[in-house]
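Throw the hints in and build the complete structure from the sequences for me.
Chains as they are written, first to last, in the working numbering: chain U, 643 to 851; chain P, 117 to 985; chain F, 115 to 400.
No lab work stands behind these hints, which were simulated from the structure alone.
Heads up, the beta-carbon is just placed ideally off N, CA and C, and yes, glycines get one too.
Any given hint could turn out to be false.
[Stated by the list, open to error] What follows is a set of in silico ranges between Cβ atoms, one per label pair, in the way DEER data are often shown: (1) U/R695 - P/E844: 22 to 32 Å; (2) P/D214 - F/M253: 43 to 53 Å; (3) U/T694 - P/D210: 51 to 61 Å.
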Amino acid sequence: MAKQLAFHFDASACNGCKACQIACKDKNDLPLGINWRRVAQYGGGGWLPHPTRPDLVVANNIYAYSMSVACMHCENPACVQACPTNALTKRADGVVLINQDQCVGCRYCEWACPYGAPQFNEAKGVMTKCTFCEDLLAQGQNPACVDSCPARALAYGELSELRAKYGTENAIEPLPAANLTAPALVITPHRHAQASSKGTGHLLNGEEL
Amino acid sequence: MSDQDILTQTLNATPMTRRSFLKWSAAIGGTVALASGGLDVGLKSAQAAPAAEAAPAKTGKWVTAACWHNCGGHRCLNKAYVVDGVVVRQKTDDTHPDSPDFPQNRGCSRGRSQRHQTFGVDRIKYPMKRKNWEPGGGKKELRGKDEWVRISWDEALTLVANEIIRIQGKYGPGSIVSMGSEMNRTLTLFGGYTDVWGSTSWGTWLDSGPILGLGDGLTITSHNDRLDMRNSQLIVIWGENPAWSTQGNAMYFFQAAKKAGAKFIFVDPLYNDSASILADEWIPIRPATDHAMLLGMAHTLLVEDDPKTNPLIDWDFLNRCTVGFDKDHMPQGVDPKENFKDYVMGVTDGVPKTAEWASEICGIDPQRIRQLAREIGMNTRAALLTGWSVARVNNADAWPQMFMTLGCMTGHIGKPGHSTGVSCWEKAANGGPNLVDAGGTGLPSAGTNPVKSRLNNNELWDAIIKGKYTAGYKDVKDINIQMIYHGGTGSALNQKVGMMKGIQAHRKVELVVSHSHFLTSNSKYADIVLPVTTQWERWGYIKGNREVLIWASQVTPPLYEAKDDIWIAAEIAKRLGVDPRKVDALPLAQQVMNQIKGAMVTKDDGKTREPLVTITPDDVKGLAEQGVKVEAQTGRITLTEFREVGQYQVARKPGDKLGFIAFEAFRQDPAKNPIKTATGKFEIYSKAHAEFVKSKGWTEIAPIPTYNKAIEGYEDTFSDWKKKIKGEFPLQLVTIHYRRRSHSIFDNIPQLREVYPQEFMINPADAAARGLQNGDIALIRSRHGKVIRPVFVTERLMPGTVMLGEGAWAELDDATGIDKAGATNILNGAIPTGQGHQGWNSCNVQVEKYNGTLEPDVKWTQRIPVKGA
Amino acid sequence: MNVREWALITFTILAQMSVGSFIVLGIVHYFTAKKSGEKQADELSDRALLAIGPVLALGMAASLLHLGNPLNAYKAVTNLGTSWLSREIFFGVLFAVAGAVFAVMQWKKIATFQIRNLVAILAAVIGVALVYSMAMVYMMPTRPSWNMLTTPVSFFATTLLLGVLAMGAAFVANYWYVQSKNPGCASEQCVLLRDSLRWFAVASIVLLGFQFVLLPLWVALMAGPATASAAMLVGEFGVVFALRLAFVFLGAGVARHLFVPRGVESGARKSDGHGRVLGVRARPCR
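This is how it looks when you write it as structure tokens:
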């Protein structure tokens, strides 16, 4: 059995199509307003006047890249620590789950999580979050998001194995610094990737998140 | 429920609850005669299952489900998990392990939202009539805002048939303009109808491509297949964003080429999402000016080429395989002075088409133009690729010829790693004829339409309003359209240029009929709306791409009172006294089985073909019981396997014989393997092309690709071009394919509205000049209409350019003339030029801050027509 | 702002107010007892003490409205090991119990003065623990903009401010009550009430100045560039946090304007003019 399941995300391949987000929404029947997997876009750069031609402009290091973000099933999950009712637990395989029968709906885990993973279901009054498609895992299948990706940018597996294969990067803008929660995530960075907290750009699609 | 705006009501119902559904059905009378338990289906599917219970309690069945839209994508595999006739989940291709050479056929966010379309709460559920309609029109100005009255199928069909008889009798058969697939059969058998014509997606490639020799990009491709693309060292892409407009595997194929070492250069006004993954360099260009850039490159090539020290131009290819490049290679009987080279060098008109000349128009630094010309020189294995978008420009008739000429000059045609052409739609990143093809349906033709009048897309609405249309060169004819029939081939009103005029036209005629799934723009402005089935409710559906053939099966029986288009056409035929068996001439099941039986797949030798499907005598017997006649045959896979798996995919691997190098044989021996042009060669000088354009009656072009200024292109943003004084509409609007939709389809799906807000893109400098910030609402005005949209300020877009996605369902306020949905055809004018294509990417606009409010689209009330109070 | 967010703000204000009131009242009681004896001190504080209970009860009721699933509220103290929210609720309940025990003892004069004092001190310590827990709820490494020393400092300052103002209001009410029975009262109780109110006024001015001037400066100085990126993927919780504080200030201001100055000024005019300080501050808002 795995000790810490993790996602691998290849930012050099993801073009931000959101098939993963909708696959997740479909598989988990998520209502509007709840998206366990979301795709953030980050970018920057700008424009300069042309040195000699007033009618021309020069593009100055304009860049953009996408980050598909779900629950990181952190090694040190802030949500689990914050939860006053122990509704959030970390399983032996590292998957962080919420027991809705236990949830009081205080939304404290939502504040605690820097990734926006726990999301509140207004109608039911309880929190919801990515389950790593544990039901599919139990049937020997892959998480819905992983199998949906047309760019083949998503994979999953044992964290140590993913790190051996893809490296240890886990803090790229617009994600927060990894020391907060030790996310079980391995990123293959985009060629324009900016380190967390040191980015020169900005979130491009805040209204879609 | 308000009386005045009766077409929509508050029902923010996703996921729909039982209570809201019952409330709604009560509001409409509550006595909906539901076919096959449709109410249950709607209810169950729409209810939100708790996450913990997402895995269906009951076991169901995965069914290969049609993904039938005109999405421009790769034709992906879509599967629906059906439990008790209810679709509870979807997935994509998992029929074989995934690998770069033999990839799964993975679908997009739209296809994965399909169940919310078929089972959408806003489906049209029964035939409806506009309350104030009466024979002759009945308060025609109320179209688009009248109330709806539910009517029976018999009443609806009889009413439509009687009106066809009345209007045809009064005004003649040409008075009915029909944009309807199956209904055209009925009308053909009953005196005919006025047809509509003109290139849409292709721009000028549709006709120009084949005339000049390069192909249109879909039926004939001129780029190599995906495995050969890995042989290219350099891939230059003009005006294409496959990540948005060609979803499915196209980006994956491009990524494979990048991994194999290709350098990518994108030429586009937007640093788009494809470029963000692929581009080593991005060259921002002003919209509708690519032709000027390529002339500048051609000039550079001519000036800098030295066959000995710096060979850039493939003279051997030009001399053997093309006509018209220089005075020594002109077609017979043509003045040699009219050659392309002399035009570029300025010999003909005194204006050398230098990189400086080009830069004034296209906005690219002349040094960068020259550098790119050098980079694509003949000794680089380069693929010069483009989407159709560059050709969707008013007056862009010579663009395909210019693009082809650049490829001919650098010789990037007919060799591994070298290619030139359109790489988009289902052939994006994968050129060549299909390796597996469906057979014909066997549906007999209904005959020839006896009416000869045909309206071009750009003149359609004007012809209805003004009664005149262009029939050819110096040939303007009268016409009197009194009936518009939208029979199910696209949302014409919303999706053709000049929608403001379109609405006016819809309010002029005596009857508008529309078949549809939802209250689309066509239906909103109609008098009679007829609910039709989706492909999920039909017996089967066949679709594919170069390597795949998909057999989709019925997912659910028809919902509510929805009927197939062909049933409607046959029922109307009956009432017109036309033999319905000539309309509905072959059952759908038989048509689909004919396609399957006739399916052919290319053998490993790459040359011969064999039947795809084995049909056993048992299959024959089983199908006969369903009334389907088919003979036994031997093929590659069994019928059962094809049905169960849902698709057949040709396995590819590097070095196989299934690859495609466009024009390889032609290049080796052009005399022996001529291409299908008037001269058998690539026509850099094409009399046929110039005459073709002239024959349409609007504009004339030269036989060589001279620069023709776009109407509403960059130059037209100036009131004084020479002094560079900007005019009333100083910005250039590019109409992009938007990921929420496949054209107009899926615009109404709440979960897609949630993730794609239909934002208006503008550069920070242009935004700042107008006091606009992210999230502000912008009022965008063109010469033709006005829309409002939330602003997305992005440096990814070139200054002077703005972008908006096409296909939003217009929400026009008659009082203010403002459309709040951002339907781009409100802004795009109907401007007939050249070959009668639509020029969506040449549109001048002005933008200002809008001080009213605008709720996010996802919060809008859904268009649910209700019976009047 | 929905019901749940209002509930959270209401709870925060009322809980802080009850803790602050308890402590302020304790201080008043201590000094009064020193100056005028235990009996005068009890008379001065007992009525006000009874007002604290309902305030806390109301606050805790409001906190239930903040929950999406209040039926599980009883489970909210099961993660004392790592959850500050659990601790907040735990200390909230404990403070309510200790406060109630003390109130009953004080009211019925059960046990000795010293023992009652010990219980009071215990309750106050629990109250401090409650306010500390409330502040620590926001002290999350994942929210750099909240995770600063200013957060607990601000919570304690607010607690004292609200306590002063609430007790000010209570004393004003009491002063009116006494005046109505005995116009022109010159008894020791009246003098003590006036003196207390003067001290309340001074304290509230100091605390308000701290809250409105010093604290924002401090926050601005501490908020570095590092706080920007961590909040990109998460919602606008900063708004809730800011509003929570803003309403505390607003509530404080309203309480001050409505109760303290007007009441004391009128009282002061009628007596010996000792309320000038408050009177001056009161004039603009009359």
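Subject >> Range hint compliance [Cβ, P/D214 to F/M253, 43 to 53 Å] >> reply: Check passed, 46 Å falls within 43 to 53 Å.
Original post:
Okay, U/T694 versus P/D210 on CB: inside 51 to 61 Å?
Top reply: Cβ of U/T694 to Cβ of P/D210: about 57 Å, so the range 51 to 61 Å holds.
Original post:
Does the hinted range 22 to 32 Å hold for U/R695 and P/E844 at CB?
Top reply: holds (25 Å)
Every hint from the earlier list agrees with this structure, and none is contradicted.
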